[in-house]
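2 protein chains.
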Amino acid sequence: MNEQLTENIKALIESLYQQGVRHVVVSPGSRTTPVALLLAEFVTHQVADMHLHIAVDERSAGFLGLGIAKTKNEPVVLLATSGTATVNYAPAMAEASSSHVPLIALTTDRPEELQAIGAPQTLHQTNLYGDQTKADVTISVQSTTPDTFAYIVYKTQHLVHLATTAPAGPIQINLPLRKPLMPDLGQAWPEVTPIVFAATNASVQLDDEWLQGPVIFLAGPQEGANYSEQLSQVAQRHHIPVIADVLSQTRPGLTAIVGIDALISAGTIADLPMPKLVVRFGGTPVSAKVLAWLKEHQIQVVQVGTAFSGRDHTRYTDVVVETEAPIFLNAFDQLDFKNNAEFSQAWQDTQKDVARVIANVTDFNDLQVVQAMTQLPADTNLFIANSMPIRDYDNYWQAQNAVHVWANRGANGIDGTISSAVGMALDHENNWLAIGDLAFYHDMNGLMLAKQEKINLTILVTNNDGGGIFSFLPQAAADEYFELLFGTGQGLSIAKVAELYNAKYTLATSQQALVELVKAPSQGLHLIEVQTQRQTNYETHQTVLKELGALHGND
Amino acid sequence: MNEQLTENIKALIESLYQQGVRHVVVSPGSRTTPVALLLAEFVTHQVADMHLHIAVDERSAGFLGLGIAKTKNEPVVLLATSGTATVNYAPAMAEASSSHVPLIALTTDRPEELQAIGAPQTLHQTNLYGDQTKADVTISVQSTTPDTFAYIVYKTQHLVHLATTAPAGPIQINLPLRKPLMPDLGQAWPEVTPIVFAATNASVQLDDEWLQGPVIFLAGPQEGANYSEQLSQVAQRHHIPVIADVLSQTRPGLTAIVGIDALISAGTIADLPMPKLVVRFGGTPVSAKVLAWLKEHQIQVVQVGTAFSGRDHTRYTDVVVETEAPIFLNAFDQLDFKNNAEFSQAWQDTQKDVARVIANVTDFNDLQVVQAMTQLPADTNLFIANSMPIRDYDNYWQAQNAVHVWANRGANGIDGTISSAVGMALDHENNWLAIGDLAFYHDMNGLMLAKQEKINLTILVTNNDGGGIFSFLPQAAADEYFELLFGTGQGLSIAKVAELYNAKYTLATSQQALVELVKAPSQGLHLIEVQTQRQTNYETHQTVLKELGALHGND
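Read top to bottom, the protein sequences are chains A and B. So the number in the numbering used here is just where the residue sits in the first sequence, counting from 1, plus 24. So the number in the numbering used here is just where the residue sits in the second sequence, counting from 1, plus 24.
So that you can see chain A by itself, here it is in the shape it has in the complex (with noise of 0.2 Å):
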């Protein structure tokens, strides 16, 4: 009956497969009924390694594959149903875009002749996310070209690989749809080929010219394969300092310097001998003042990375090496290059300083709260959500063991947070979650992907009922206005979201009830909250500052 769609559809599925797709996020629909029912007679029938995940939301859906292809470096498939459903997406493929993640929306589409003639549930669904993404195809699953077949096999793997090179973003593929819909199931798989895109064997020389000083690298959020090992090993092995950014990968580490945004803001970075030379990896630190810092003091940047393009927004990169970080680090070690040991000390003596400082806090607070999250486990995954949790991870959070961190830390919004932590936490023993409670509001519905993926997800919910990053900003000067416009307490009951879901809920009240939850492994969906109060959390914050201020006579 179909047997053309059919077959043209499961090129598609295949192509996808051969380049790597392992999960699908499907949302339910009519539109997209044969790809997904192809897709499920695929995971059932033919092949082992891919997943179907199912998300009624679709915005949640997004983000939940933009937590999978995130956190495992690999490109994650959306299908939705045409309309709303799609553009549901939106934000999720603006954070892909943001942050170099190769998030493949498949959007199913209503056909041409229904197309802006008053057809329901009709958008023009073409080049649906604009700029945000790298490619946006719509390829006719259903023409009667001899040359579909071959097209869609290329086109298809063509676009996840583009999706896959670095930088790696979001792509759109379009696919309109007649009906009937229904696919034959049953009918025998075609051969699809892989195409390999061969990998160059690139390698650079550096000379050892522009070492005229001390060194420093400064290590951005990690973004594709992880590197953050070679890092650390060539950092140490020449004595280099690592402003080792939350999502660095490169915490904890002999060289790591944790609270680089505090160091300045203390004005304790005026006691430590100034770097010749600043080495950046990754994307844009979370400190918003290191870059700045960078250029005041015109101390000379190499940026390394494929993934330059628009990476330095003070303009002050000198060198841009255009090679991935492990053919330059392979370079970099060959060099007879050391810094000298009093350099290194002073800046790893930072750390004891930030540390104690911290310590110092006694009122059960955000900071309280960072710092009970260092003792947590090896291996474990760390999902931190944006707005004041990345900022106080980045600044205090020396961690004792190997965790993995991850953020939507590209267009920084505060949505979407729940869902891409389950997308992290799948097929992982040990997953956390640290948020806000507005971040928390705004996705709950991602608790429904937890419950539904059987996964272990510990969420913290530091709870101080609104926007508390606005107490720090000049916003809070307008009194009559702030509370309304700025606090935004939500009022709500992190226990009854818990009951909703089914979610195993525990109220920690002191710092050492919280280490000991957080030093045991994580089971099921689980809900921690700490309550917290913005005007005592900002104090903190303050005194915090003004002591490590004080310890170097900055005072």
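None of these hints come from the bench; they were simulated from the model. A quick note: this is a predicted structure, and the numbers were derived from the prediction, not measured. One should not assume that every hint holds.
Unchecked claim - No farther apart than 27 Å at their CA atoms in a straight line, the calculated lysine-lysine pairs in the DSSO-like style are these:
1) A:Lys203 - B:Lys570
2) A:Lys528 - A:Lys570
3) A:Lys570 - B:Lys203
4) B:Lys475 - B:Lys96
5) B:Lys96 - A:Lys528
Stated by the list, open to error - Examples of chain A residues toward chain B, derived with CB under 8 Å:
6) Leu61
7) Ala143
8) Gly210
9) Asn436
10) Leu450
11) His466
12) Met468
13) Leu508
14) Leu509
15) Val521
In this text, a Cβ means the ideal position worked out from N, Cα and C, and glycines have one as well.
Based on the hints, put chain B in the right spot on chain A.
Frame of chain A; chain B shown alone:
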């Protein structure tokens, strides 16, 4: 300090107000600061009839604005901070585009020098919603060009006017903003002169040459100003049956025909006298079958409306009268034309048949729920969710009283329904939302808005734990994968959701109990759950159609 910025944003705000904006939905963020604070000052100290609504989840914020704009028929403004926050408006903007609602997104942005250069929270926001907006503009409110103030005054007023001009639709105003963002609160408000877009006094002349036989009005979903009263009166004077789409606002009425889709499905229509001419008003009907029926029987179609563009996906309109419905109806009313009484009576008689077969339904499922809802008191606002509810109400809801009925019937998504209903409920006494469990889950965050806005809203959740509509589609045949891909039960506890939002909860277990609830005025947020079975519901629908057909010997 920030005098110019303050002056220009005040020009923007006053211009919005001058063109009729009375509701602004603000989502908290930092980049929005000058606009949000000056809006707060404006509503607090300048005018008494402008309202700010705060919504943390921008997707829900967008649909809240859509609900207000749609039901009040006035332009509504959304305000969000840069990054994915603005992208979360995309689903509501797409629906506004499809259903012609004047929704205006103010998207604050990072300035030019931070674009595409690695600055955080910075997307390419120019023309963010692509083809979904009627127009978009980027306004540099910090420009030092002397013409800026006058430009903002003209451009803003022009854009609001454009948004409201039929066919109405969404607009994006993008506002790049540099730090410092704090406006000068208390600075004098400038004089902003309203631009008058004068109405033209249009009229049309109709002759009666084309009135060669019986006429039916097909009243589709109403857009813009309400003309249902006039339509009903003209129809009554000329003995014209009105195929009354559930969204046409013409139910109940002496001439209103309910259930055209069922009448066609059941075969009843074959016994009815054929019209010679059908005059179409409003948007695409909810009934998928009625346009196809017109085409099949080659009944002449006259389409009325300025929003015609792309309104007949069967391509069977013969005459297009590009004027507003009231003008056409005035002209039609002058014609010396009446249907003969038998014709009208035959159509009218179908209503007793529909009522009788529905009354025969004994199991308490979706159709008995619809039956109970016919008792809603006069002047109730009723929002109907997509998927099954809108179809059931279109077919079987013979309202006993004048109820205003709304839905997101453009792109027909299940997203944003609760938020849209909250928008509908503002300043209105009695408000209901009829919704299935999946659409309910999709926009649970909208319940927060219901709680915060302190409205009366009774939400009737017909809970069959999954996608009931798919049991009616060919997909039902794919047994092996059906529940995974289409059934998709979420196991949601409506009672616990009510707990979470401090809502009243009632489980209605009989039609009689539900009728009592329906007759009572809605108070606060109230969730009423009816638990139904997907398979039983499917079978009941089939039985009803069979009985309807049998009444006319079409079994």
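Next on the checklist: Hints numbered earlier in the text: which of these fail when held up against the supplied structure?
Outcome noted: The structure breaks hints 2, 5, 8 and 10; every other hint is satisfied.
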